[in-house]
Amino acid sequence: MTDAGQLRLRTPHHRVSRRAVTWWTLHAVIGWAVVLAPQGIALLFVDDASAWQLAALGVTAVLAVAHVLVMPRWRYRVHRWETTPEAVYTLAGWFDQEWRVAPVSRIQTVDTRRGPLQQLLGLTTVTVTTASAAGPVLIEGLDHEVAVRLVDELTSTTQATPGDAT
Amino acid sequence: MTPQETPPQQTAQQETAQQETAQQQMPPQQTAQQQTAPGEFDGFPRAPELVEPEPVPDWRRLDLRMLVVRPLNELVGLVPVVVGLLVFGSGDRWRFLSGVGVVVVVVGVGLLSWLTTRYRITAEQVELRKGLLVRKRLAVPRDRIRTVDLTAKLGHRLFGLSAIRVGTGQHEKAGEDGLTLDAVSSQEAERLRQVLLDRAPAASPAAGAVPDTADAPPGEELARLDPRWLRFAPLTLSGLVAVGTTFGVLMNYAQELDLHPSSSTIDWLTGSPIAVTVAVAAAVVLVLAVIGSLLIYVLQFWNFRLTREADGTVRVRRGLLTTRSVSVEEQRLRGVEVQQPLLLRAGRGARAAAVTTGLGSKGESSVLLPPAPASEAHRVAAAVLGVAESPTRAPLAAHPVAALRRRLVRAVVPVLVLAGVLAVVAPDWTWRAALALVPFAALLGWDRYRALGHALTERYLVTRSGSAVRETVALQRGGVIGWRLHRSFFQRRAGLITVTATTAAGDGSYAVIDVGEAEGLALADAAVPDLLRPFLTTEPAPAKP
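Those protein sequences? They're chains A and B, same order as listed.
Mapping to numbering that gives the first Met the number 0: the first sequence position 131 is 130, numbers consecutive.
Mapping to numbering that gives the first Met the number 0: the second sequence position 316 is 315, numbers consecutive.
Don't read these hints as lab results, they were simulated from the structure.
Certain hints may be false.
What follows is a set of in silico ranges between Cβ atoms, one per label pair, in the way DEER data are often shown [said to hold, decoys possible]:
1. A:V34 / B:F246: 21 to 29 Å
2. A:V34 / B:R304: 33 to 41 Å
3. B:L132 / A:V34: 53 to 61 Å
4. B:S374 / A:F94: 53 to 61 Å
5. B:L395 / A:T83: 27 to 35 Å
6. B:R223 / A:R148: 53 to 61 Å
7. B:L395 / A:D95: 21 to 29 Å
8. A:F94 / B:L157: 57 to 65 Å
9. A:D95 / B:V284: 38 to 46 Å
10. A:R76 / B:V284: 52 to 60 Å
11. A:D110 / B:E219: 55 to 63 Å
12. B:V103 / A:G92: 39 to 47 Å
To list a few chain A residues with every Cβ distance to chain B over 10 Å, as calculated [said to hold, decoys possible]:
13. L8
14. A36
15. L68
16. E85
17. A101
18. V136
19. R148
Built from N, CA and C at the ideal position, the CB exists for glycine as well.
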């Protein structure tokens, strides 16, 4: 650390689609429903529920509401991406955050994936893989058209780069 | 003399010969340019196939002797059971018949697999066809071959056979065994090893050409087994694991074999005070574990030799009964890892493993050196990497004190939580016992912090971490193909960051854990010039001290 200042990573330029907030919310709601439903059903079939059961259900419900409300918005503020002619650069996460950098010259495949929810919302996840099993760069919740353009761009630059990317 | 000067009436064979000389003299692009020079043959480019088309080799079968060897290898594993059945079994007919049935099935499966498996090696790729119900066809491009691994189990060796496994740069998923020919004759395996690792398949006249194995120069020896290294064997946990497994198997078959502890043993066990029983049991386990670990060490590493071959590969040969030979293309070697499990470290020992594309670094195949003195591990690392002083020995920069705090919290808090839970739900003495573990947890955290360190040498990024297994990795800077920079909520508050280099080799990623943020970014920036630079900014120093 010098007086001149501290080295930091700057945030990538582009945000993901605003609709990603809805997508993450739906995802979280479904996830919590899976946890809450059995507890609720158990309560229905038990005549006198123990205090433990009620407390557990209460705590789960509070956590669920907090997570569903906070996580998608927090994520939206964090998630960013950017491509330059040399590299793909992303920032993702919320509580824990991770930057990923993959040089274009080392890109092996560029894939897109759209789950049912994403199709409904017109979103796409772009996965950029390199030769490393640990190194895929994911850009979640992109607007579909932006994603298509991004994939085209990356594919053409990758093809122009020689070598076997290892 | 260039192809242009060749008179057109020359025979095809002569042309072939001259084309080859021309290719040796100049890079391919240049040749192509001259071939399409204007005015030559009415301005048309010369047809590219001047070389006679190589005959496509026939599909070959695996060695016929596998019909015997495969069942043999599989039956060896069943020997204890068979013997048990014969000796201890009550000898009823049903058991005998079921035993015969197993043998028939094993032999039949071997026969089917031999009948349906074929391979061939063309100029471009290695192809394998196998399977009866599910037909599989595997093809590996020859220029993607990174490692060749020869394994001969006892049965193979009796019949002079070897299994050969071809590794590519891909990360093989668990359960997929790459392209394996199990098995061919040992001479054929050795020939394939040389052919497949030969970097210029086009240069050898025919793809299946046989470089005479006898001609191959022996290669430079980098290390060989020193019997004194056996003292490190008990410091590995392999013996303990072996004792555990054997015990488990025995218990499994105890019923089958009618094994019952003799009544005198039981009397003694129940009769003596508990401390004595525990002490004696521990001593017995210890002795067995030491013997077991020595046996395993000898079985795995007898005749261990590490050589650098003339064809640009590093080769490890080892094994007493099952022999293994792993050849790694030196060009694809991305670094070396020195591993020190806790006990081995206490005895100043270490293992070394290769970080290379085509092999994971945890598997058996990447072994460069069995447990040996730590100084030897560093020496081998340097020798394999072809440098004077091993980067794994570079002085490492320690990580900030905040990292120590995180290590301690992570080690101690789970124990405290456990104690808290036990205090509520379990008898009184359990939470006290849990609390007694706190000092050990703290020690572990302290040791984990002491392990943390990183360095950047001229060609290598060095990082060290771990307590139960301390790993020092020297990763070639050119082999880094991306960065992952992770900051958890707590790391953010502590001003720390985990910088992970991703690579196509070994584990796929190597982390510099909990380094100061600015320091970590500077490290990543310096390790691979220009990759991270565009994304870095310099902010004014934060106001808080």
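query: Taking 10 Å as the cut and beta carbons as the points, is L8 of chain A off the interface with chain B?
result: violated (6 Å)
query: Is the gap between the beta carbons of F94 of chain A and L157 of chain B within 57 to 65 Å?
result: holds (59 Å)
message: Just want to verify: V136 of chain A was marked as not at the interface with chain B; is every Cβ pair farther apart than 10 Å?
response: violated (8 Å)
task: Determine whether the Cβ-Cβ distance between V34 of chain A and F246 of chain B falls within the hinted range of 21 to 29 Å.
output: Since V34 of chain A and F246 of chain B have Cβ atoms about 40 Å apart, the given range 21 to 29 Å is violated.
Status of the stated non-contact between L68 of chain A and chain B (beta carbon gap over 10 Å): holds (18 Å)
field: Cβ separation of D110 of chain A and E219 of chain B, checked against the hinted range 55 to 63 Å
entry: violated (45 Å)
Consistency of beta-carbon spacing, V34 of chain A to L132 of chain B, with hint 53 to 61 Å: violated (42 Å)
field: Beta-carbon spacing of R76 of chain A to V284 of chain B - inside the hinted bounds 52 to 60 Å or not
entry: 56 Å Cβ-Cβ, so the 52 to 60 Å window holds.
task: With 27 to 35 Å as the target window, see if L395 of chain B and T83 of chain A comply at their CB atoms.
output: holds (33 Å)
field: Distance restraint evaluation - R223 of chain B, R148 of chain A, Cβ atoms, bounds 53 to 61 Å
entry: Check passed, 59 Å falls within 53 to 61 Å.
query: Regarding V34 of chain A and R304 of chain B, is the given constraint of 33 to 41 Å on their beta-carbon distance met?
result: Taking Cβ atoms as reference, V34 of chain A and R304 of chain B lie about 57 Å apart, which means the hint is violated.
- prompt: Is R148 of chain A truly not at the interface, in the sense that its beta carbon sits beyond 10 Å from all beta carbons of chain B?
  reply: holds (21 Å)
In this structure, the earlier hints numbered 1, 2, 3, 4, 11, 12, 13, 16, 17 and 18 are contradicted, and the remaining ones agree with it.
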